[in-house]
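All chains should be modelled from the sequences, with the hints used to inform the complete structure.
Chains Z and Y, in that order, are what the protein sequence lines are.
Residue numbers for the first sequence follow my numbering, so the first one is 1 and each next one is one higher.
Residue numbers for the second sequence follow my numbering, so the first one is 1 and each next one is one higher.
What the hints contain is simulated information worked out from the structure, not anything from laboratory work.
Incorrect hints may appear among the rest.
Copies of one chain are not kept apart here, so a pair can be met inside one copy or by any two copies together.
Derived lysine-lysine pairs resembling DSS-like cross-links, with alpha carbons at most 25 angstroms apart [unchecked claim]: (1) K15 / K154; (2) K114 / K88; (3) K212 / K66; (4) K197 / K51; (5) K197 / K57; (6) K173 / K114; (7) K217 / K187.
Keep in mind that this is a model prediction, so the values were computed, not measured.
There are 2 protein chains.
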Amino acid sequence: MYSFTEENYLKAIYKLSEREPESITTNAIAEVLETKAASVTDMIKKLSDKKLLKYEKYKGVTLTEKGRMIAVETVRKHRLWETFLHEKLEFGWDEVHDIAEQLEHINSEVLTNKLDDFLGNPSHDPHGDPIPTRSGEIKKSNLMLLCDAKPKQKVVMSGVVDHSPPFLQHLNKISISLGSLIELLDKNEYDGSIEIKLHPSSHLHLSKEVAKNILVKIR
Amino acid sequence: MYSFTEENYLKAIYKLSEREPESITTNAIAEVLETKAASVTDMIKKLSDKKLLKYEKYKGVTLTEKGRMIAVETVRKHRLWETFLHEKLEFGWDEVHDIAEQLEHINSEVLTNKLDDFLGNPSHDPHGDPIPTRSGEIKKSNLMLLCDAKPKQKVVMSGVVDHSPPFLQHLNKISISLGSLIELLDKNEYDGSIEIKLHPSSHLHLSKEVAKNILVKIR
DNA sequence: ATTTATTTTTAGACCCATCTAAATTTTTAT
DNA sequence: ATAAAAATTTAGATGGGTCTAAAAATAAAT
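In structure tokens form, the structure reads like this:
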């Protein structure tokens, strides 16, 4: 139906618009897709012709409902495949992204739904990101950054901002994973670093760089 | 590494050469790939430049060792994914082919091997076709056509010649599946049709058209 | 408000895979 | 052995996606 490239553009634009609707510039799209601005302009025109987005020269783009649906469906497939790779094939959460980037373009609604059922209709992927439903709804998660938590607060590790393998591997190394119970002991004003308690016996020092990339749920 | 199209050409040429090395003509390739002879010539030149096959104008092609490896690897992935779809996602054997045609191009050796392990290293796919090993070996199965069996002979249904959904659905309808024990009762010289016993209580009449598309193992 | 810098778009080119129509080679038939 | 038929290849064109270099529009700075 739609090419890999078209789906990737729609997904990139969708993700940028989730973060901040003002940030969907030609250059921003080019950067996340690792391509050139000229190529982005070309493709945007094509997607506009197909009514997948609205485009005004020099003004920017917004996805149409149809375009948003395709993007969300692609995200859904990506996250379901990531879950499959992690839960069933025992890939680490730092290893699933690249393979899911390929699998997300497999075109079969019945496959996607059967995969969903096979996995037990998971609500979140291995990075804690919500998986859109069949009908394209996506739960808005009200998480906070660990660096914004207050001392004495007990929180549950529930997601990441940085999805890069190096960051995820760092979390592996310090034994923080989805679901970890974290108690904030102290915050250092000077550098923004924090002290946390993971388990009764394990106290940890986290740099601000790390703490601001961890999403937590208050409980 | 290699494009979908290149992999599809290599696979098509490989399959033709398995059947009969003489049958790898430009037109034959065009037919199985549902494209035009001119396109085949173009692609053959490209694959030849990449040393994936040997090509002499007007004389035909033969895969190089490298080309054969890519083809076999593609077949391996196709059959593993078909097995996954059938065994884990409960797709019928008549429904798996088209989706596997997409999945076979997913590029990750570790994924393929983990999938293989997850499925319990199956030796055959849902149609009874052998699954190549990691190292590219493929078991040559010595099956015979049901239409060539002799009266009184007991055989096990082990594969199909025709892989089309209509044929597979017909077998579903008459309750013949992989592993079915079949006893040949009688052969009709006139039209080549046969009488078989499936279960003590079920006698069946099969046209030659059906019998010549069923592969069986003698036991 | 005019100049400078940045962003975006256009123009023109390239590679991939495909096509049609025409030319060439091989095969078949008489 | 030569003509007719069939198969194969070439030539030239198209569409998808990308690029560089140059032009146009917008934003920022003084």
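Unmet hints by their number, sorted upward, for this structure:
Hint check: 1, 3, 4 and 5 fail, others pass.
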